[in-house]
Amino acid sequence: MRFQTALVCFAVAMLTTALSGEAAQAGQTLDAVRARGTVKCGVNMGAVGFAAADSSGAVKGFDADFCRTIAAAVFGDAGKVTYLAITAASRFPMLQSGEVDLLFSQNSLTFTRDTALGLTAGPVYLYDGQGAMVSAKSDIKSIKDMDGASFCLAPGGSSELNLNDWFKAHKMTFKPIVIDNSEAARRAFFAGRCDSYSGDQSDLASKRALTPNPQDYVILPEIIAKSPIAPLVRQGDDQWLEIVKWAVYAVIIAEEHGITQANVDDELAHSASPEVQRLLGKQPELSKSIGLPPDWGYQIVKQVGNYGEIFERNLGKDSALHLPRALNRLWTDGGLIYAPLMI
Amino acid sequence: MNASAWRRVVGRWWYDRRTRALLLQLGAAAAIVAVAAWIVETTAAHLAERNMSAGFGFLRQHAGFVIGETLIPFDSQDSYLRAAVVCGLNTVFVSLLACVAASILGAVIGLGRLAANPVLHRLASLYVLVFRNTPLLLQMILWYALLQALPPVRQALSLAGSVFLSQRGLRLPALVVQPEVLIAAAGAIVLVAVLVSRIGPRWRLPVLIASLLAGAALFSSRVGVDLPIRRGFNFVGGLEMTPEFTALFAGLTLYYAAYIAEIVRGGILAVPRGQWEAARALGLSAWRVMRHVVVPQALRVITPPLTMEYVGIIKSSSLGILVGYPELFWSVSAMIGQTGHAIEGIAVLMLAYLVPSLGAAAAMNAFNRRLLRTSAA
Chain A
100 MRFQTALVCF AVAMLTTALS GEAAQAGQTL DAVRARGTVK CGVNMGAVGF AAADSSGAVK
160 GFDADFCRTI AAAVFGDAGK VTYLAITAAS RFPMLQSGEV DLLFSQNSLT FTRDTALGLT
220 AGPVYLYDGQ GAMVSAKSDI KSIKDMDGAS FCLAPGGSSE LNLNDWFKAH KMTFKPIVID
280 NSEAARRAFF AGRCDSYSGD QSDLASKRAL TPNPQDYVIL PEIIAKSPIA PLVRQGDDQW
340 LEIVKWAVYA VIIAEEHGIT QANVDDELAH SASPEVQRLL GKQPELSKSI GLPPDWGYQI
400 VKQVGNYGEI FERNLGKDSA LHLPRALNRL WTDGGLIYAP LMI
Chain B
2 MNASAWRRVV GRWWYDRRTR ALLLQLGAAA AIVAVAAWIV ETTAAHLAER NMSAGFGFLR
62 QHAGFVIGET LIPFDSQDSY LRAAVVCGLN TVFVSLLACV AASILGAVIG LGRLAANPVL
122 HRLASLYVLV FRNTPLLLQM ILWYALLQAL PPVRQALSLA GSVFLSQRGL RLPALVVQPE
182 VLIAAAGAIV LVAVLVSRIG PRWRLPVLIA SLLAGAALFS SRVGVDLPIR RGFNFVGGLE
242 MTPEFTALFA GLTLYYAAYI AEIVRGGILA VPRGQWEAAR ALGLSAWRVM RHVVVPQALR
302 VITPPLTMEY VGIIKSSSLG ILVGYPELFW SVSAMIGQTG HAIEGIAVLM LAYLVPSLGA
362 AAAMNAFNRR LLRTSAA
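The listed protein sequences correspond, in order, to chains A and B. In this text, residue positions in the first sequence follow my numbering: the first is 100, and each later residue adds one. In this text, residue positions in the second sequence follow my numbering: the first is 2, and each later residue adds one.
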């Protein structure tokens with residue numbers, strides 16, 4: 100009898116395990132986020148300018164701000180974000196398994212990542228390029244002078260592949276030093292183990308900002324590969340993908356119309372532009388199709404700001420990184436930042 | 002066959018010890034297979050639900066990355082499988098070297114622990130205390146950090162202009178020998194060894210010296226020396242010991258030597274005192290007491306736990322990923338990072354670590370059996 104009971108228990112346990120862990124379905128992620136009360140956002144924790152804790156312990160940065168736009172849209176409270184630190188090896192499994200709701204983690208968008216991993220990408224929110232950083236003392240002016248040089252690299256990324264493609268195309272060789280922990284790889288470079296560190300230029304600037312003497316390092320102007328940085332979500336939940344897409348578009352549209360954190364209340368009250376009114380929630384029926392409260396666009400701009408504000412605060416002139424906006428200017432200023440119509 | 006006859010047959014099987022044992026074991030095996038099959042099936046189904054492709058086909062894709070140090074050539078156009086094999090060889094290489102070095106160092110420290118000299122004894126005890134009681138990973142990262150504190154490559158420490166030590170590692174002159182010369186030399190050594198063992202003890206030394214001189218004269222012209230030369234960003238040529246390899250090798254060797262020292266000490270203490278006394282009473286020298294009486298008996302005690310340490314070295318070599326040495330775990334981790342095939346990657350990894358670990362265990366068991374046989378005879 101006892102044996103039979105045990106057998107039944109075992110069978111039930113097996114069945115529940117087999118039935119649990121369903122795949123992503125439309126609406127599922129938003130429901131889970133609402134029930135939980137926070138957005139679980141995977142970020143590259145410790146990357147200054149992207150997601151790093153400040154002296155008060157609050158996570159600040161470009162990626163962190165984009166996580167906050169999602170929380171502002173869903174909850175009307177940009178603070179309802181749980182930041183989860185990812186590693187190169189863990190980021191995609193963490194998203195696949197539902198450990199995080201999305202990744203804003205400096206991911207370059209590639210064919211494989213968009214198609215083969217059960218993941219899908221949101222819009223590109225940073226147009227970057229892969230380059231190389233060298234010591235100022237080395238007098239290296241171009242990657243073309245670096246035949247036989249050693250490169251410290253972060254693991255598991257596309258930067259390793261791009262660097263190899265570039266050197267192969269130029270019939271040159273290099274010696275990779277890949278340490279599984281990107282912090283250790285960074286330290287090895289600044290200790291002098293490698294002639295260069297290769298990665299996205301924004302990430303190089305972020306790493307350089309962490310050293311006590313940033314002026315001793317030079318980021319070479321050459322770009323060996325483009326690096327479109329995009330958020331990732333699970334395949335199969337189109338509604339969640341749409342929320343992520345439109346949170347990114349909303350900050351772009353806000354900048355296109357000159358709406359800032361400071362003037363958003365004024366714009367809400369007085370703007371004559373129909374698109375601004377739609378963005379800020381004057382047409383509540385628009386938001387029904389995306390499953391968000393009518394004021395989602397207003398909350399994003401009010402609490403996080405527009406694209407330009409997010410950029411300058413974290414990566415640009417008001418940050419330690421001092422990156423120029425370059426390709427990340429609005430399309431009207433000759434950049435690539437461009438959003439669909441808010442109609 | 003009526004019901005009672007049927008029950009009798011079943012009863013005969015069930016109450017026969019061997020048949021029953023067989024039936025139960027078959028049942029257990031079937032249950033394990035069923036559970037394993039169910040896990041595989043569920044996993045595959047869930048992967049498919051999440052739009053994740055499964056299977057080992059990706060191992061044939063181009064790896065696309067290059068590997069910093071390899072024993073056999075590797076190109077970025079080679080497959081992931083070859084990357085795993087190349088890095089697996091690195092794992093075998095560093096593990097073998099660490100096993101040998103840790104055994105020698107461990108034996109020395111183990112004997113030091115037994116030494117009457119108080120300084121030697123205390124030093125050996127301190128060594129064991131420190132290295133056994135701090136995490137291996139911490140030690141490795143410490144070695145790596147210390148190696149980074151060496152002078153930069155432009156100010157490399159140099160010995161006689163042919164040995165260079167810098168942040169980029171150690172460069173030594175390498176001997177360049179053609180394979181056929183190596184084979185000829187090995188043949189000559191065997192020949193001389195046979196000759197020396199056949200002739201009387203009076204002639205041994207002169208013959209040995211004469212053949213050494215002859216060998217040196219014969220082969221020295223055929224052995225080239227590849228000196229490291231400073232060129233471009235680093236040295237080229239010669240033998241290179243990178244900081245990544247050195248940190249892993251030193252970490253494994255120093256840590257496991259502490260354990261092996263204790264095993265050696267235990268093994269020697271396990272030899273009864275009467276054996277020592279009897280050997281000394283026969284008038285054997287201290288060396289011969291060790292060589293012919295103590296060590297053979299101690300080896301029987303030492304071998305089984307030593308096997309476990311060797312297997313431990315192989316498994317711990319996977320920490321190389323954290324100091325940037327391209328070993329097996331490193332390559333599989335890169336593979337997972339590029340392709341997202343985590344489950345398959347881990348399966349490959351488990352299988353790959355099982356093979357050398359079980360292999361080492363089997364080899365040591367065979368050695369142990371032989372030891373037991375010879376000592377019984």
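Treat the hints with caution; some may be incorrect.
[To be verified] Taking lysine to aspartate or glutamate and the EDC-like style, the derived pairs with C-alpha atoms no more than 20 Å apart in a straight line are:
#1 K270/A x D79/B
#2 K274/A x E241/B
#3 K267/A x E241/B
#4 K240/A x D315/A
#5 K274/A x D79/B
[Stated by the list, open to error] Every beta carbon over 12 Å from chain A, so not counted as near; a handful from chain B, in silico:
#6 V10
#7 L106
#8 L148
#9 R232
#10 L323
#11 F368
If you are wondering where the hints come from, they were derived from the structure by calculation, not from laboratory data. What you are looking at is a predicted structure, and each value in this text was computed from that prediction instead of being measured. Ideal placement from N, C-alpha and C gives every residue a C-beta, glycine not left out.
Next item on the list: Please name the hints from earlier in the document that this structure breaks, with their numbers sorted from lowest to highest.
Entry: 3, 8, 9, 10
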